[in-house]
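Starting from the known structure of chain A, arrange chain B on it as the hints suggest.
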Amino acid sequence: MKTYILAGALAATFAMTAPLQAQDTYPAGPITLVVPFAAGGQTDSAARVLADALQVELGQPVVVENRTGAGGVVGTQSVATAPPDGYTLVIGGPSTFVTQPLLSKEISYDAEADFAPIAIFAVAPMMFVVNSESPYNTLGDLISQGQSEELTYGSSGVGSSMHLGVEWFKSLTGTQAAHIPYRGSSQSLPALLGGEIDFLIDPPITALPLVEDGQLRALAVTALTDDPRLAEIPAMSDAGAEGYQQMIWNSIMAPNGTPPAIVGKLESAIETILAKPEFAERLQQLSLSARFIPSDELSAFLANERAVYGNVIEQNNISLD
Amino acid sequence: MDFIANLGLGFETALSPVNLLYCFIGCFLGTLIGVLPGLGPAATVAMLLPLTFTLDPTTSLIMLAGIYYGAQYGGSTTAILVNLPGEVSSVVTAIDGYQMARQGKAGLALSTAALGSFFAGSVATLAIALFAPLIAAAALQFRAPDYFALMVLGLIASIVLAHGSFLKALAMVVLGVTVGLVGIDVTSGHSRMTFGLVELSSGVNLVAVAMGLFGLGEIIHNLSSDQETRSAYGKAIRGLLPTRQELRQIFPPVLRGTVLGSLLGVLPGGGAILSSFTAYAVEKRIAKDPSRFGKGAIEGLAAPEAANNAGAQTSFVPLLTLGIPSNVVIALLMGAMIIHGIQPGPAIIREQPELFWGLIVSMWVGNLMLVVLNLPLIGLWVKLLTVPYRFLFPAILAFCCIGVFTVNGSTFDVVVMTVFGFLGYLFRKMECEPAPFLLGMVLGPMLEEYFRRSMLVARGDLTVFMTRPISATMLALALAIVVAMALPLIKRTREDALRED
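Those sequence lines, one after another, are chains A and B. Using numbering that gives the first Met the number 0, the first residue of the first sequence is number 0, and each one after it goes up by one. Using numbering that gives the first Met the number 0, the first residue of the second sequence is number 0, and each one after it goes up by one.
Reference listing, derived: stretches of chain B covered by chain A, where coverage requires no fewer than 3 residues with Cβ under 8 angstroms from a Cβ of chain A:
(1) 41-53
(2) 315-323
List of simulated lysine to any residue pairs, SDA-like, C-alpha gap at most 20 angstroms:
(3) A:K104 x B:L199
(4) B:K428 x B:R101
(5) B:K294 x B:Q248
(6) B:K382 x B:G103
(7) A:K104 x B:S187
(8) A:K104 x A:A302
(9) A:K104 x B:V197
(10) B:K294 x B:R427
(11) B:K167 x B:S290
(12) A:K104 x B:D184
(13) A:K104 x B:R191
(14) A:K104 x B:F194
(15) B:K382 x B:L240
(16) A:K275 x B:G340
(17) A:K104 x B:E198
(18) A:K104 x B:G195
Calculated from the structure, these hints are not laboratory results. Values in this document were obtained by computation on a predicted structure and should not be read as measured data. Backbone N, C-alpha and C fix where the C-beta goes; we use that ideal spot for every residue, glycine too.
For reference, chain A alone in the conformation it holds in the complex (with noise of 0.2 angstroms):
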């Protein structure tokens, strides 16, 4: 009996102690890092970028998978309901982790509920921009003509963020503008640089060379930058449209129950690629900005965030159902 009693300890100890240890041991095997996006995307490419210096730093394989579909939905929720164990992680970001939950009833997983974040670890701001045979040469010139006849933009779709940030700016100027969703920038810049439309918010990475060559003109950025090639652009927040800030962000995102030790180890690893030079000037060449937020502030970040869009989502009626 009293054997029992001293195995069933034993055991007992052994059971609580085993994922204690996994933890000093953690990362003993490869991790997955899960993008919910098509290879060779900005987002494709920035978490191929961490993966790289994620490895040398951990000493184990990371390897990034793409689990597309459904905009991202079907990625991120296989990540949800995968084993809370470090092993398996998500690139999080505006669209999966703060707008379309916010906009469809039918995403299966909880942003908030089933994931621990662990850091943001690339920002960049987008660019307001216009065609460069436009009459307007700052954004007090756009607003002005936008609050006495009604202006037309582009964006990337029903409840893109470059869809949302107009709203945000036409609600906090005044301005009036019909909104014409396109398929992407693919569709949308060509229709801007053909006249078809007035004016919109895209990403550099898509913009900037357009703008850099003259077809384009940028009259803003949605947030401040450290970003060189867009220092002498104004942020819309200093050019008429005051308040306003928006970031596109890439994050690490894992499984909800992801043992703090993990999370503290993979956010110190982050931290450490973050202070590389060299990380940085990849990232830049991914019209990337290196930017840690570590997790704590992450879920401020990201309720505020929540806040923002939830805003504009619900003042304008948008929804994808």
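Showing chain B alone in chain A's frame:
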């Protein structure tokens, strides 16, 4: 002379041993995946993308581009041999190409496709080299109403595609449009006809539908028919290469296809898909005897193949001149450039002349390689047809399932393909053709999208379609086709009516 110097730089880059090797690898892989049904260039480029990170940017782009246009060559092979279009662009190839194969002219069909593609590829490459910025500027003139008019023209042309009953073709187009509307609507952002299935939110997979309707439908049909008709299709095979007279016969269609394909390929958002369909419709309209189409007309194979390949080359123009990708594969190539620290955009010709001209010359070199690679292979492909059908069909089935699965890594798509396989068989039984269905599925949603966008931009003013010269011209052309089609019909009914009197 600048142009000569630029071409010289291009040749210097493209003909360096490393680049030649990777160009060959790309073309070879492209041909392989083109031949394997379903496994398209998008999936392959996505898979290989990470492997190219260690290569020189020019080299990796040369290889990835090779995969893309190589797949256009390979894609026609299964369409011709076993009625299995691995891609939407080879749907038209299957119509007459497969009939030629059934008549024992598989070799001729394959070599026509290869030679037509080579000619088109070379001309289109030259066009890019000479006029890339000009072509891009012209493409920017296209606005929503013009796209709408283009789609109308395309849909009208799709009815010309059918060689059976006009009413059945129309029914197929409508059915195709309906299936095409499944998924999230761009203009409103709402889901339509998805029945709560996440898998349907981005629409019904076109490749799965094409393979089901054509490939699986054909297999079920073959298995349900008796042994005799089935074996008839491996019967005596005549010469593999076209005769001088046949060459003369295919040259004008190839030339027309090349021009059409080069022009339509540049348009982002659907131009490329239209090119092969439109080329076929044009050939059928101007043919002395349109009734041969659908029964193995060589023009009906040569023109769309040329258009298809020319379009594949010129679809690089928006990327190289504006940094705007015109389709999924090109978007992946853009990703490859970005990850190498090259910003695609207007500055590329100036700042990366080696990459720009090297890529263009490599496309021509790649096209040459593809012909050299494909012509000897034709004999081998044709021999494949002599494999007894009881071995051939399970192999085709297996490849189809694997291929469709790899496109999105989704088992749902395999189910879609199976369902449309049975539908394809049903359509055959009812003598309805699948080609108008597919075109409806592709064009219907775009037609709606561009119409609603035109209305949004013009604030509901319908006259916008008449006041824009591009759209007015195309709509007039569409009307002319309808009238031309209707006239003999009216005449005939009148004759019939008179006879009854």
